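Engineer: Single-letter residue listing:
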Amino acid sequence: MKLRKVIVFLLVLQTTFTLYGEKFIVSLKSGAKRAILDSKVEVLDYNKHGIALVNADSTTLKKLAGDKTIVYYEKPAKAKAFFIPNDYYYGYQWDFDILGMENVWDVTMGAGTVTVGILDTGVGYENFTIPSYEQNEVVSGDNSYHIGSDFNTSSFVSGYDYIHDDTHPNDQNAHGTHVAGTIVEATNNNIGVAGMSPGVKIMPVQVLDYKGEGDSYTIAKGIYYACDHGADVINMSLGGAPGDSSGWHTVHLAIIHACSLNIPVVVASGNSGTGELSYPAGFREAFSCGAVNRYKNRTSYSQYGAGIDFVMPGGDDANMILQQTFRGYDSEYGTLARVDSFAYYYYEGTSMAAPHLTAAIALLKSVGIQNINEIYGRLAYFATDLGSSGYDQYYGNGLPDIYTSLTSNYSDNTPPVFKVYLVKNPVFNGFIDVWVRSDEELMNGEVDSIVAESNGERQLLNGDFLQDRLFAAKFRFSSDGNYNIYVYGKDVWGNPGQNSTLFSLFRIPKDEKKIINMNDLTFFFDRGVVTSDCIARIEKQRNGFVMSVPQNLRKSVYVKCSLPDVIIADSVGNSVNKDADGRFIIAQNGSYHFIWDIKTRKVKGGVRLISKSGVSGVLSVIALDGRLIEKKSIENKKEIVLRNLNRGVYFAVISSGKTVLKKRFDIW
Amino acid sequence: MVKKIILVFLVLILAGCSLFEDKIAKGWELYEEGDYTNAKNYFYDAINKNGELEAYVGYGWSCAMLGDESKALSSFEYVLADDSTNFPDAISGAVFAGNAMKIDSAAAIRGKYLLEIVPDYIFVHDSTITWKQVAFTSACSFVNCGDFSSALDMIKKIVPDFNANYSTESGIDSILSKLNEISQWI
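Going down the list, the sequences are from chains A and B.
Residues 1 to 668, numbered by our numbering, are exactly what the first sequence covers, in order.
Residues 1 to 186, numbered by our numbering, are exactly what the second sequence covers, in order.
Just so you know, these hints were derived from the structure itself, not from any lab.
A quick note: this is a predicted structure, and the numbers were derived from the prediction, not measured.
Hints should not be assumed to be uniformly reliable.
As the list claims (entries may be wrong) - Distance condition first, Cα-Cα at most 27 Å in a straight line; then the derived DSS-like pairs of lysine-lysine: (1) Lys-419(A) / Lys-156(B); (2) Lys-632(A) / Lys-599(A); (3) Lys-510(A) / Lys-71(B); (4) Lys-555(A) / Lys-26(B); (5) Lys-132(B) / Lys-510(A); (6) Lys-637(A) / Lys-578(A).
Whole structure, please, built from the sequences with the hints as guidance.
Structural biologist: Quick look at the structure:
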């Protein structure tokens with residue numbers, strides 16, 4: 001009885017072993033019997049060419065390899081068909097070719113859990129009798145709207161028609177159906193063309209009428225509807241006049257609302273070819289999309305300018321975008337759309353480019369990438385850079401690489417770092433140029449804001465784009481005091497960065513005496529010291545101050561320093577003289593640095609610190625790793641010898657009141 | 001009798017001419033003393049009397065020193081529209097005012113042009129304003145136009161040994177650093 005139990009146990013063990021082993025490919029040695037293999041592992045499949053698929057653990061297989069039963073074993077690699085859809089006109093879809101869609105589809109064709117809101121002229125998505133109030137807006141042989149035949153496996157969710165205030169947003173123009181097709185056209189169904197993300201669902205929201213016209217209020221309502229009814233991404237192949245944001249504020253707020261819900265809103269940049277985006281594409285929260293042709297060159301009609309995010313295929317006269325729709329409304333002749341005449345039409349425009357970006361986002365959402373910043377970051381970071389290097393205002397971040405965006409594990413959580421350069425107009429004093437360089441690409445290619453703050457007043461400056469990650473702003477001196485230039489911006493991953501640069505500006509009047517106190521320094525500008533009113537700039541730096549003395553100096557400027565161990569040196573390091581009162585005499589224009597007058601000399605077994613003027617305070621010797629080696633008080637010392645130090649790098653830190661002076665030295 | 005009348009007219013005309021010249025000279029005298037308000041008034045009178053271009057130059061510089069760079073620029077532009085080469089002080093004024101007014105393209109090109117026709121330019125009414133300030137301001141305006149190559153050319157006029165590869169990011173950053181540095185002493 002006991003024996004049986006053991007056997008059962010062993011059998012179970014054996015069963016467990018075979019059930020929970022791993023699949024391996026093995027190659028039998030020439031002449032080896034298959035029976036040996038059968039006795040050791042579970043053979044799932046055997047091929048006469050001596051290879052087999054087995055269920056086994058690696059220890060057993062190692063033994064078999066040692067016994068010379070098998071030549072090698074390996075885990076089977078995952079493989080997928082390199083999917084090429086069989087849609088009849090697929091070969092004409094060059095746009096899918098340059099986006100590498102066949103590789104993308106090996107990852108995902110879009111999940112049914114993802115819904116794309118199409119705010120447009122409606123979509124040809126259902127067979128439905130044309131309501132009486134729409135009869136004079138379209139033509140149909142059977143008085144019905146129809147679903148496009150190449151939408152036969154596409155999925156649609158309930159939408160809304162804000163033009164007629166009903167729940168049947170059927171397309172009355174043909175534009176919206178073409179747009180929807182790029183995203184969700186039935187794919188691999190042997191007919192017509194393919195869609196980029198055929199597995200996702202479309203939510204048609206009609207905000208434009210049969211002429212393709214609408215207003216921003218209706219569009220805003222459409223955005224809110226899509227947000228409220230489960231859209232994951234919104235496409236808007238529409239907009240107003242280039243550069244004119246008036247009347248779009250409500251839409252802007254709706255887009256901000258969508259973004260707060262992690263719903264990206266993709267907007268076409270516009271077709272006027274001008275250097276300003278249309279609105280709402282111009283809003284920085286929108287994912288604005290321009291158009292490129294088959295050769296990835298910006299098309300002549302594609303609007304560009306500050307804030308453009310991406311480009312996608314929009315086609316040109318030579319190579320347009322092919323999708324299914326019906327004979328559309330003809331604005332030139334006023335001919336109504338024929339909604340029962342589905343065929344495949346070539347369109348071009350940023351309207352056609354935008355749904356490519358929308359579909360890319362839908363695919364990212366399909367694999368679980370939901371955060372709007374991460375979506376933007378992936379699309380921007382991995383995009384194929386077009387035009388001039390880095391972000392530019394023609395191509396934005398470039399052409400998204402959808403496959404890499406889907407499959408890469410890379411992400412970034414470090415904030416951007418800004419470097420600020422300041423120059424002042426040397427003659428028309430008071431005008432300061434600010435140049436800002438970011439160390440990484442920024443969202444929308446822009447800094448969020450540059451602010452000059454002084455005495456509680458804030459001037460918001462326009463950060464004009466100069467080139468990739470470089471921006472220019474200008475501000476005007478208003479009153480004496482400390483100025484702080486704040487730069488705010490987010491990188492493409494949405495990480496916020498901030499920088500502040502502190503400096504002081506003082507107006508030096510020609511006809512008045514002026515005394516400026518700054519920490520341990522006092523500046524004396526006598527009456528008539530300058531030939532005309534001008535601005536002096538004093539900047540706090542890591543190891544002291546830099547003072548720029550203006551060019552129109554007529555007499556000397558005097559500087560009193562309360563620190564005994566500080567000297568003033570000109571730009572080439574020559575120290576300036578003092579007068580009888582111990583004031584430094586600055587006799588000509590230039591840049592003057594306030595530096596610590598301590599030199600180091602190596603002595604046997606240590607180092608000697610030498611000060612011309614004498615040093616007072618608390619001396620600390622600190623090792624490079626932060627260990628305190630020595631601490632003592634000193635009083636008016638001109639020489640300090642430090643010995644018995646091991647080899648290494650040290651800092652001599654002298655603290656005197658609020659002033660801390662630091663000198664690095666090494667012992668070797 | 002006719003001869004007498006002609007003589008009187010000639011005297012009056014010559015006196016009138018000298019009066020305009022006096023006003024301009026007086027304007028510059030006041031300007032050099034730093035009395036920009038009265039200088040501006042003299043130049044304004046001279047403009048109203050005969051509209052000499054020199055009076056516009058003085059008016060422009062006086063306005064500039066009084067903080068009205070918009071009027072200054074208009075005045076310089078007026079001169080340069082009529083005569084773009086013979087009033088270097090109007091060109092230099094337009095460079096500084098254009099830079100201040102964010103009309104950088106014109107400011108940059110004018111600065112470059114001035115240093116081509118008068119490489120050792122000095123503003124005769126304020127010798128602290130020289131070709132160096134023109135080159136510097138022009139360089140800043142070239143940067144604001146994204147033309148780093150021309151900005152480098154302008155910097156080299158001030159610091160001949162300086163060089164940078166303007167086609168690289170580090171080269172551009174060193175151009176910006178150099179301007180930042182020059183700005184502290186020029």
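Engineer: Of all the hints given earlier, name the ones this structure violates by number, lowest first.
Structural biologist: When the structure is compared with the hints, none of them turns out to be violated.
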